[in-house]
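Student: As a plain string of letters, each chain reads:
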Amino acid sequence: MEERSVGMEVKDIKIRNMKTEDFNDNEYLEKYIAELRQSGMNVVTEKLDDVINWGRSNSVWPFTFATSCCGIEFMCVAAARNDFARFGWEVTRNSPRQADVIFVSGTIVYKMAPVLKRLYDQMAEPKYVIAIGSCSISGGPFIDSYHVVKGVDQIIPVDVYVPGCPPRPEAMLYGMMQLQRKIKLENFFKLPKKPTVTADGNTEGGNK
Amino acid sequence: MENLEKIILSLAPDAKIEENTQRFTATIAPEKLRKVAEGLKAKGFDYLMCLTGMDYKDSLGVIYHIAPSNDEANVIVLKTSTPDRENPNLPTVSDLWEIAYFYEREVYDFYGIIFTNHPDMRRLFLREDWKGFPFRKDYDANPALNPIPEKVPSVESFENVPTYSIDKDGKLVKKEYPLFSKDEYVVNFGPQHPSTHGVLHLRISLEGEIIKHIDPHFGYIHRGVEKMCESMTYPQMLYLTERLDYLCGTMNRHALCACIEKAAGIEVPARAQYVRTIIDELTRIASHLIGWACMCNDMGSITAFIYGMRDREKIMDIYEETAGGRLMVNYYVIGGLAADIHPNFQNRVKEFIPYMRKMIKEYHVLFTGNPIAYGRMKNIGILSKEKAVALGVTGPSGRASGWACDVRKIEPYAAYDKVNFEEVLHKEGGTFDRYMIRLEEIEQSLRIIEQLIDNIPEGDFKAKVPAIVKIPAGEYYQRVENARGDFSIYINSTGDKNPYRVKFRSPCLSLITALCPLCDKEKIADLIMISGSMDYVIPCVDR
Amino acid sequence: MSSGEIFIVVFITAIILVSAALVIAMLISPRSTNEQKGEPYECGIPTRGTSWMQFKIGYYLFAILFLMFDVETVLLFPWAVIMKSLGVIGLCSILFFLFILVLGLAYAWKKGALEWK
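Chains as they are written, first to last, in the working numbering: chain A, 1 to 208; chain B, 1001 to 1543; chain C, 2001 to 2117.
Looking at chain A on its own, in the form it has when it is part of the complex:
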């Protein structure tokens, strides 16, 4: 029953008109389900969970946070040609208490790191992080600098990484859809615990 459910889980996630085979990195979702099962979370989705997750994944409100160039491509995703209002994401909230996802777009430097951590902590659960662009994945073109954090996952736990410098708006939409698939697996009443990032950059605790 469990194997069948796992197969059914990943195969059955409905995203727009795309089929599961069109997405890369399905192995990550299968591993995610296995980890959630191990820690005792119930992943078999019933109709109620389906409905709740459908509502949650199609109205994820981003936090207006942009430090540099990737922020402009984020604005292009918000604008008319590549429109993320089609996904229900267009309500960008300025206050972290009202936001669901933070698109970390742009380089994070040492001076900005505590501010970002504070903003992330002030967000209300359930919250997600999408690291946009190579600067927030690993430091990007500025990796040799004395003031650049080599990847935002040294400060906050990241759910989706979207590579590029800057990534095209279509790439960001793909990253958003991957996050939607991840959200559709969760059980709202037993949300997986978010990992914390220790001072030396290792994540611990929680289900990743």
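Treat the hints with care, as some may be off.
Stretches of chain A that chain B covers, calculated by requiring three or more beta carbons in the stretch to come under 8 Å of a beta carbon on chain B [what the hints assert, rightly or not]:
id, region
1, 70-82
2, 100-112
3, 134-146
Please keep in mind that the hints were generated in silico from the structure rather than gathered at the bench. C-beta atoms are modelled at their ideal positions from N, C-alpha and C, and glycine is treated no differently.
Position chains B and C against the provided structure of chain A, taking the given hints into account.
Tutor: Chains B and C only, in chain A's frame:
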């Protein structure tokens, strides 16, 4: 050149004048600095372009670039240095040129040179608890010395302002005073705020709705680009320039390419010059469009934002077809262009020009005549010409105050000497003028493109460049008219394949420092409009 | 059902619905707190100073003016509902009421209370 030599020698007879330099360069002793600076200011040299800190291995120094505002091509380069590396200090010039208030803080931040009698000797970009001065050649880059901070610094470290002076015995004396009094109401505007156009942190002291004082904090996107350039080769540096001011990335890259080409004696073929000019003007249009769109968005008109971004997508389509990149176009290389233009390039640009003209009329109908917009912009944030010059506010904001500072007219580069266009000037210098001037400059850019697009000469698109680019020892400059102002590059080379020092003059630093005097006695809601009309981009400030 | 009973039913339903929403949310929602969540949000930087301090009197003036004209609007609603049955006499009385308030507005305008100083 003769006139400048006479002026300097009359003020400091022991000045050393350098031969064979791109600009007139004089080295003076630090004791004479105040006298020379006051003399130059009195003779009409009122525009301090740039203040560059330097580490000459045995001494630490500063280079001043000063020009008169009515004759900007006549630049004096003043150099001074102090051999004391433990407690280096130089007299301040911030009472003569207001922009030096921030430039000297930047030099202190990077080199540790203390400017005596400067009213506020805090660091500009790095945190106050940063150990060391990063741009010194003997800087200890051990990451354990300066780890990622866990908490935002306390309020006291934001507000205790040190100031230094020399007492009668010649020793350095430090005094601290608080920036804001205890019962002032201080609000944080940014770094995370939708209207700051980036990560700018302003601490605003308010009285009701009226602003009393603004204290800007930079450095939230300081990536140390200038220091990184010192360990990169010249072709590698090009990629960083587009990420400095990403809305006019091609113009920044053009500046660096032109500087290196002039220094290495590479002659760029005419075809490349024409295409570079056309793409630069398209970038200027794109940048003004997004500046206009964001300014209207800040006022609440989201429709205007969508309109501006829609038209900007058309320009990015043109870039994508020819060069492959949307925001980071990556098209110019040392010697010319990376590849020839797409066969469809000219047709696309020719289709775009009448379309854009039609759209500008639509923008005026949509937004400019709206009484709410007019009421929020007219008679707000008036910047006089003298203040603009003292603060170094160039670009459309400077021209809105009546200062003719367009580098394309003063020191024409690429194909700008072959085209006719008007330098749009307004007299009042208010928010509305800065708003209108951007839309009028789009029209002028369209005129330039029209004159060039059918006349692109045939030929090579790239000159022959050696595999390892080395430029001979010396100092090289290039000025370019960015969409925000005068973007200059200074390269100091020792003949190696890496530069010794690279300095990018940021036009946006002046725009932000202009906020402090402009917003005095304005309401906080007007601050949003004033900063939208200034249209700054923070990574350009922080570098 | 008389209008009094309808009113009571509506009132009780409103109370039940609102408290059900709050109670169900309190019982079944997942919870998590950390130190930063309790702190006020000011663009990512901790706040400075206290919030209990002297306010500028201009805010009070604006609030009072708003309150006055808001109450006037609320009082116009019942008249608007039964406008037809009151006829011309009702119109004259309401116009007299409005006239007094317009006098007040004109006074405030002339004295500069509508500008922010």
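Student: Checking each numbered hint in turn, tell me which of them this model violates, lowest number first.
Tutor: Those not satisfied: there are none.
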